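Residue numbers (numbering that gives the first Met the number 0), protein chains in the order written: chain A, 0 to 301; chain B, 0 to 305; chain C, 0 to 540.
None of these hints come from the bench; they were simulated from the model. Predicted model only: the values in this text are computed from it and were never measured. Backbone N, C-alpha and C fix where the C-beta goes; we use that ideal spot for every residue, glycine too.
Here are the simulated SDA-like cross-link-like pairs (lysine to any residue), alpha carbons at most 25 Å apart as the crow flies:
1. A:Lys-147 with C:Asp-46
2. A:Lys-62 with C:Asp-209
3. C:Lys-76 with A:Asp-227
4. C:Lys-76 with A:Asn-221
5. C:Lys-295 with A:Leu-51
6. A:Lys-147 with C:Ala-86
7. B:Lys-111 with A:Ala-281
8. C:Lys-260 with B:Pro-252
9. A:Lys-141 with B:Gly-52
10. B:Lys-111 with A:Leu-35
11. A:Lys-147 with B:Leu-27
12. C:Lys-76 with A:Asn-75
13. C:Lys-119 with C:Lys-135
14. C:Lys-411 with A:Leu-79
15. B:Lys-263 with C:Tyr-243
16. A:Lys-141 with C:Ala-86
17. B:Lys-62 with C:Leu-526
18. A:Lys-56 with B:Ala-150
With beta-carbon atoms standing in for the labels, derived distance ranges:
19. B:Thr-167 with A:Ala-281: 29 to 35 Å
20. A:Phe-94 with C:Glu-311: 52 to 58 Å
21. C:Glu-311 with B:Phe-239: 39 to 45 Å
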Amino acid sequence: MTGRHVKLGLPKESLGDRAVSFLIQASLAVVALVTLFPLIFVVVASMSDPVLVNSGKIFLRPKGFNLDGYKAVFENSWVLIGYRNSMIYTLLGTFLNVIVTFMASYALSRKDMFGHRAITIYMLFTMWFGGGLIPTFLVVNKTGLVNKPVVMVILGLVSIYNCIICRSFIQSSIPAELQEAARMDGCNDFGILWKVVFPLSGPVLAILALYYALGHWNGYFNALIYLDNRNYQPLQIFLREILIENSRVVLDGDLEAMVRRTQMAQVMKYSLIVVASLPMLAIYPFVQKFFVKGVLLGSVKG
Amino acid sequence: MRSLRPETVAARLRHSWRLYVLLLPAVLYLAVFHYAPIFGLQIAFKDFIPSLGITGSPWAGLKHFRYFISSPQFPILMRNTVLLNVYSLAFGFPLPILLALMLNETRSVWFKKTVQNITYAPHFVSTVVLCGMTVIFLSPSSGIVNVLLQALGMKPVNFMIKEQSWRTIYVVTGIWKDTGWASIIYLAALSGVDPQLHEAAHMDGASRLQRIRYINVPGILPTAILLFILDCGQIMSVGFEKAYLLQNSLNLPVSEVISTYVYKTGVLGAKFSYTSAIGLFNSLINVTLLLIVNRISSRASNVALF
Amino acid sequence: MKLEIVKRMCLVFLAIPMIAVCSGKPEGQKTAGSGPVDTFTLMLSTDSTLGDWNKMWCLDVIEKATKVRFQVNAVSKEGWEEKKNLAFATGNYPDTFLNNLTDTDLATYGGQGIIRQLEKYMTKETMPGFHEVMEKSYPNLKASMAFPDGHIYSFKGLSGSEREFALSRFWINKAWAANLGVKVPATLDEFHDYLKAVKTGDANKDGKTDDEIPLGGKYNPQGDSFFDCFIPILTGFGLSERRYEAVNGKVQYNPATKVYKEFLTYMNKLYREGLIDPEYFSQTDDQRKAKQAQGKVAAFTDYAAWLSIPDEKVWRQYGSIEPMTSAFNSKKIWPAKDAILYGALAITNKVKDEAKIVKLMKFADWCYSTEGTMALWRGPEKGSMAKAPDYGWYFEDVNGASLRKYAFPTDKYKNYNDWLTAEIKPGNNYWPYAGTASRGDATDKTTSSYHLTENIVTYNLPYYHVGWPVTIRFTPAESERLSLIRTDLEAFVEQMEAQMIIGEVDLASGFDAMVKGCEARNLKEYLEVLQKAYDRYSKTK
Numbered sequence: 000m001t002g003r004h005v006k007l008g009l010p011k012e013s014l015g016d017r018a019v020s021f022l023i024q025a026s027l028a029v030v031a032l033v034t035l036f037p038l039i040f041v042v043v044a045s046m047s048d049p050v051l052v053n054s055g056k057i058f059l060r061p062k063g064f065n066l067d068g069y070k071a072v073f074e075n076s077w078v079l080i081g082y083r084n085s086m087i088y089t090l091l092g093t094f095l096n097v098i099v100t101f102m103a104s105y106a107l108s109r110k111d112m113f114g115h116r117a118i119t120i121y122m123l124f125t126m127w128f129g130g131g132l133i134p135t136f137l138v139v140n141k142t143g144l145v146n147k148p149v150v151m152v153i154l155g156l157v158s159i160y161n162c163i164i165c166r167s168f169i170q171s172s173i174p175a176e177l178q179e180a181a182r183m184d185g186c187n188d189f190g191i192l193w194k195v196v197f198p199l200s201g202p203v204l205a206i207l208a209l210y211y212a213l214g215h216w217n218g219y220f221n222a223l224i225y226l227d228n229r230n231y232q233p234l235q236i237f238l239r240e241i242l243i244e245n246s247r248v249v250l251d252g253d254l255e256a257m258v259r260r261t262q263m264a265q266v267m268k269y270s271l272i273v274v275a276s277l278p279m280l281a282i283y284p285f286v287q288k289f290f291v292k293g294v295l296l297g298s299v300k301g
Numbered sequence: 000m001r002s003l004r005p006e007t008v009a010a011r012l013r014h015s016w017r018l019y020v021l022l023l024p025a026v027l028y029l030a031v032f033h034y035a036p037i038f039g040l041q042i043a044f045k046d047f048i049p050s051l052g053i054t055g056s057p058w059a060g061l062k063h064f065r066y067f068i069s070s071p072q073f074p075i076l077m078r079n080t081v082l083l084n085v086y087s088l089a090f091g092f093p094l095p096i097l098l099a100l101m102l103n104e105t106r107s108v109w110f111k112k113t114v115q116n117i118t119y120a121p122h123f124v125s126t127v128v129l130c131g132m133t134v135i136f137l138s139p140s141s142g143i144v145n146v147l148l149q150a151l152g153m154k155p156v157n158f159m160i161k162e163q164s165w166r167t168i169y170v171v172t173g174i175w176k177d178t179g180w181a182s183i184i185y186l187a188a189l190s191g192v193d194p195q196l197h198e199a200a201h202m203d204g205a206s207r208l209q210r211i212r213y214i215n216v217p218g219i220l221p222t223a224i225l226l227f228i229l230d231c232g233q234i235m236s237v238g239f240e241k242a243y244l245l246q247n248s249l250n251l252p253v254s255e256v257i258s259t260y261v262y263k264t265g266v267l268g269a270k271f272s273y274t275s276a277i278g279l280f281n282s283l284i285n286v287t288l289l290l291i292v293n294r295i296s297s298r299a300s301n302v303a304l305f
Numbered sequence: 000m001k002l003e004i005v006k007r008m009c010l011v012f013l014a015i016p017m018i019a020v021c022s023g024k025p026e027g028q029k030t031a032g033s034g035p036v037d038t039f040t041l042m043l044s045t046d047s048t049l050g051d052w053n054k055m056w057c058l059d060v061i062e063k064a065t066k067v068r069f070q071v072n073a074v075s076k077e078g079w080e081e082k083k084n085l086a087f088a089t090g091n092y093p094d095t096f097l098n099n100l101t102d103t104d105l106a107t108y109g110g111q112g113i114i115r116q117l118e119k120y121m122t123k124e125t126m127p128g129f130h131e132v133m134e135k136s137y138p139n140l141k142a143s144m145a146f147p148d149g150h151i152y153s154f155k156g157l158s159g160s161e162r163e164f165a166l167s168r169f170w171i172n173k174a175w176a177a178n179l180g181v182k183v184p185a186t187l188d189e190f191h192d193y194l195k196a197v198k199t200g201d202a203n204k205d206g207k208t209d210d211e212i213p214l215g216g217k218y219n220p221q222g223d224s225f226f227d228c229f230i231p232i233l234t235g236f237g238l239s240e241r242r243y244e245a246v247n248g249k250v251q252y253n254p255a256t257k258v259y260k261e262f263l264t265y266m267n268k269l270y271r272e273g274l275i276d277p278e279y280f281s282q283t284d285d286q287r288k289a290k291q292a293q294g295k296v297a298a299f300t301d302y303a304a305w306l307s308i309p310d311e312k313v314w315r316q317y318g319s320i321e322p323m324t325s326a327f328n329s330k331k332i333w334p335a336k337d338a339i340l341y342g343a344l345a346i347t348n349k350v351k352d353e354a355k356i357v358k359l360m361k362f363a364d365w366c367y368s369t370e371g372t373m374a375l376w377r378g379p380e381k382g383s384m385a386k387a388p389d390y391g392w393y394f395e396d397v398n399g400a401s402l403r404k405y406a407f408p409t410d411k412y413k414n415y416n417d418w419l420t421a422e423i424k425p426g427n428n429y430w431p432y433a434g435t436a437s438r439g440d441a442t443d444k445t446t447s448s449y450h451l452t453e454n455i456v457t458y459n460l461p462y463y464h465v466g467w468p469v470t471i472r473f474t475p476a477e478s479e480r481l482s483l484i485r486t487d488l489e490a491f492v493e494q495m496e497a498q499m500i501i502g503e504v505d506l507a508s509g510f511d512a513m514v515k516g517c518e519a520r521n522l523k524e525y526l527e528v529l530q531k532a533y534d535r536y537s538k539t540k
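Build the full structure now, drawing on both the sequences and the hints.
Written out as C-alpha cells, the structure reads:
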C-alpha cells in the first residue's frame with residue numbers, strides 16, 4: 000500500500016457494492032420499523048385508558064386519551080425523591096466505577112505483569128462463586144456501611160464483566176508499539192496509562208460509563224437490603240412497589256384501597272417506563288460521539 | 000521458561016509494582032466484598048436457620064443437592080433452562096454483530112443515529128411491561144398478531160399455551176429487547192478500525208462485502224469471542240422474572256426453569272439452604288462449560304478469558 | 000370570636016364521651032395511660048401508598064393513650080423477606096413486629112425463644128378488654144392464636160365482618176338472565192344452560208351475539224382463589240376447597256377424589272362448548288379485569304362486582320346466587336373462614352423488662368377497647384386533632400339514617416382513604432384491634448360496599464362451611480416438609496388439570512394418571528402431615 004500512487008478520489012462504487020448498500024439500508028429500515036411498533040405502543044398506552052389497552056383496542060393511536068399516568072407519577076412524592084437519589088448515585092457511582100475499572104483493566108492487559116494469570120483468575124472467580132446474601136450483609140455490616148447512602152456507590156464498584164471488555168479493547172485497539180515508544184521516551188506505567196492509553200480509549204470509556212450508569216439507574220436490590228431509610232431509596236424501589244403491587248389479598252373492607260392501588264398500577268405502568276428511561280435515553284447521543292471512526296488516525300507512524 | 004531465581008522474582012515484582020497500584024482498588028474491593036463473605040458457601044451444606052447463624056446451624060451434607068436432583072421436575076428444569084439459553088445464544092448472539100456491521104456501513108448520519116436510537120430503546124422497557132405487552136399482542140381474541148392472522152383467513156392461535164411456540168416467544172422478545180443494546184459494544188469496537196485500511200482495500204478493488212469480511216469482522220472478533228465465552232458461562236442462568244411472567248399452567252412443561260422453581264419453593268418460609276445449594280450446583284456447571292469453551296477458544300483463536 | 004368559643008365548647012363536649020369511655024374501662028386499665036413514655040422499635044413491611052409511618056397520627060394517639068411510642072422502621076414490601084431474615088441472622092431485630100411475620104417465622108423463632116410467649120400475659124387482670132370481646136364474640140379467640148407447641152407468639156386482632164368470611168364471591172349477571180329468558184341458576188345444569196344462552200344469544204342487547212363471555216376468570220391454582228371461578232362450581236359437587244379440606248374430621252386431597260373427575264368432566268364440557276373464556280389459562284390479570292370492566296362477562300368471581308367495573312349501571316346487574324347443587328351433591332355449602340384474625344403484635348426478647356412487656360400487652364388490650372378500635376380503624380373523629388380540627392369522621396343525617404362521613408383535605412388528596420394512609424393510619428392488617436367492637440354503623444344502602452355485604456350475607460352466609468380452618472398452624476418441621484412436597488405435587492396437578500379441562504389429555508385415562516402421579520409425589524405423606532395438624536387443632540376446640 001505504501002508504494003502506490005494515491006489516486007484522486009476513490010474508485011466509483013461497483014454495481015454489486017451499491018446493491019449490497021441498498022440491501023443493508025433496507026434491512027435496517029425494516030428492523031427499525033419492527034422494533035418501533037412496540038415502542039410506540041408503550042408511549043401510546045401510557046396516554047390511554049388502561050381498560051382499552053388491556054383489551055387490545057390500542058394500536059397506534061391513543062384511545063381514551065388522558066395524562067393521568069404521568070400526573071400520578073409526578074404527584075407521587077416518593078417517585079420524585081427516588082429520581083433525585085438515583086441521579087446522585089448514578090453520577091457519583093459511574094465516575095468511580097470507570098476510574099477503578101479502567102486502571103485495573105489496563106494492568107490486566109499487560110501480559111508482562113508478574114502474576115498476570117493468577118490475578119485474572121482471582122477476579123474471574125468472583126463472577127461465579129459468592130457467599131450469598133447473608134454473609135455479604137454481615138461483612139457490609141462490619142464495614143459500617145449499612146444504611147449509609149455511600150453504600151450504593153461502593154457496592155458494585157467493579158464489574159468483572161466490564162473489566163474483561165475493557166481489557167479486550169485495550170489489547171486490541173492500542174498497539175503495543177505505541178506503549179513501547181512512550182516507555183522509551185521515559186514514561187513509566189502510570190505515564191503510559193495517562194498519556195497514551197487513556198486518550199485513545201474514548202470508545203471503551205464511553206461503553207464503561209454507559210454500562211455502569213445503566214446498572215446504577217436500574218439498581219434496586221442493594222438499596223432494598225442495605226438502606227433502611229426510605230429517603231435514600233433510588234427510583235426503581237418506588238417504581239417496582241407501584242408496578243408489582245397488584246391484587247394483594249386485603250381483608251375486611253379495604254377493597255377500596257385495593258381498587259385504588261391496582262388502578263394506580265395499571266394507569267402508571269406504561270408512563271413509569273417512559274419517565275424512568277428518559278434520562279438514560281437522553282445520555283446516549285452524548286456517548287455516541289465517542290464512537291467515531293478512525294480514532295487512531297495519524298497515531299501510528301508508517 | 001526461565002527458572003525463577005529469587006532475584007528474578009523480586010525484579011519482576013519491582014517491574015510490575017505500579018501495575019499493582021493500579022489494580023489495588025479493584026483487588027481490595029473484591030477481597031472485602033466477595034472473598035470475605037465466601038465462607039457463606041457452606042450454607043448449601045447446612046440446614047441454615049438465620050437466628051442460629053451460619054456456624055451455629057446444623058450440617059446437612061449433600062441433602063439439598065440430593066433432593067434437588069431427585070425431584071421429578073429436575074430433568075425438565077435442566078432441559079428447559081439450558082435450551083432457552085442455547086436458543087437465545089444461537090439466535091441472539093449473531094444478531095447484534097450483524098446489526099453493528101450494517102449500521103457501520105450506512106453513510107447517512109441521521110439514518111444511522113435514528114436506527115440506533117430506535118433499536119437500543121427497547122432495552123429500557125422493563126420485563127414486567129414487556130411480558131404484559133407480549134400477552135396482549137398474542138391474545139387470541141384481541142391481539143394484533145391474531146387479528147392479522149384472521150385477516151389472512153387463518154384461525155386465531157393461542158400462542159402462549161402452545162409448547163412449541165413458547166420458546167420462540169421467549170427468544171424473540173429477548174432479541175427485540177437486547178439486540179440494539181448489545182450492538183453498542185460492537186459499534187464501539189468498529190470505531191477502532193482504521194478507515195485507511197478500508198480506503199486502501201477499496202482502491203485495491205475489494206467489494207464492500209469483502210471489506211466487511213476481511214477488515215471489520217477481524218476488528219470485532221476478539222470482543223465477540225470473549226463475550227461468547229462469557230455467555231457460555233451463564234448457560235444455567237435463566238432470569239426468573241421473564242419466565243415467571245410469561246408462564247401459565249399450560250406452558251409449564253417448557254416454561255418451568257430452575258429460577259422459577261426456586262421461587263415457588265421458597266415462597267413458604269426461608270429456603271436459604273436449598274436455594275444456596277441449587278445456586279452452587281448451577282455455578283459448578285457454568286464454570287465447567289466456561290473452562291471447556293475457554294480452552295477451545297484459546298487453542299483455536301488465541302483469544303481467551305485467561 | 001364567637002366561632003372560637005363555639006369550637007372550644009365543641010371540643011369540651013366531644014371530650015366528655017371520651018372521658019366517659021375512659022372511665023368506663025374495667026379495673027386494671029387504670030395503670031395504662033399513666034407514667035412515662037416507653038419507646039419500642041418496630042419493623043414492618045410497607046408500600047408506596049403509605050406515608051411516613053413515624054409521622055402518622057395513629058402513633059401519637061397510641062402514645063397518648065397507652066404511653067407506648069413506636070419507632071417504626073418501614074421496609075419496602077419487596078425487600079421484606081430478605082430484610083427480615085437478615086435482621087434475625089445478624090441479631091439486629093427490633094423490639095416488636097406487627098403482622099408481617101409468617102406463621103413459620105413465629106413458630107421457628109418462637110421455639111428458639113427469640114419471639115416471646117404471650118399467653119401468660121393474656122389474663123383477665125392484664126387484658127380485660129380482650130376478654131370482654133372474646134366472651135362476647137368468639138370464645139375460642141385465645142385458643143385460636145396458639146401454636147402447635149401451645150404458646151401464643153403473636154397477639155392478633157379480630158374481625159367481625161361476616162361477609163369477609165366468605166372464601167369466594169360469585170357474580171352472575173341477573174339482568175342478562177332476564178334478557179335471555181333463562182332462569183337464574185340453582186343447579187349446575189341450569190348454570191350450563193344459562194351460560195349457553197349467553198353464548199348463543201344477545202345477552203346485553205347490543206345487536207351482537209358473540210361479544211359476551213359466559214364464564215370469565217384466570218386459572219391460578221397456586222395463588223389467589225378469588226379469580227378462577229372454581230369454587231362456585233366445586234361447591235356444586237360438594238367440595239369447598241380447591242386442593243385439600245377436612246371432611247368429617249378426615250383430610251382429603253380433592254383432585255384425587257372420585258367426584259373431582261366429575262368436576263373436571265363438567266369443566267371440560269364447558270370449555271369444549273366455548274362457555275369458558277378461551278383465554279382462561281393464558282391471560283394476565285389486567286386482561287381479565289379489562290373484560291369485566293367492559294361488562295362483557297356473564298359470570299365471574301372477584302372480591303366484588305364493582306371492583307373492576309367502573310360503571311355503576313353495569314355492576315348493579317350482577318348479584319350472587321345461592322350455592323348450586325348437582326346430581327352429585329344436594330347439600331348447599333359455601334366455603335368460609337372460621338375466623339379472621341388480622342393485624343398482630345409480636346414481642347421479641349429484645350424487650351427484657353417484664354414491666355415493659357406488660358405495658359405492650361396493655362397497649363394490645365387498648366386496641367381491643369372501643370376507643371382503641373375506633374382510632375385504629377376509623378381514624379380521628381372530626382375535631383379531635385388539635386392541629387387539624389376540620390378533618391376526621393362525623394355523623395350526618397341522610398334520609399333519616401345517621402351515616403358516618405369523612406372530612407379530609409381535598410386540596411391534597413382525592414379521597415379520604417388516600418389521606419388516611421398518607422398521614423393518619425395504615426390499612427386493616429397492621430394493628431390488632433377488634434373489628435367486632437363497633438359494627439354498629441348505620442349502613443348507607445346506596446354504597447357499593449353495601450351491595451357486596453347484602454349479596455354475601457343473603458346468599459352465602461347461611462351456608463358457610465369451613466373446609467379448612469385458617470387458624471391451623473404447623474410446626475417448623477411440618478411446614479418445611481409440606482412446602483417441599485407441595486412444590487412438586489402442585490406443579491404436577493396444575494398441569495394435568497389444565498390439560499384435562501382443555502381436552503388436550505383424555506379425561507378417562509388422564510384422571511387415573513393424575514391420581515397415580517400424586518401418589519408418586521408423596522401425597523400420602525402430605526395428607527398425613529395435614530391430618531396430624533388437623534387432629535391437633537380439633538383437640539383445642
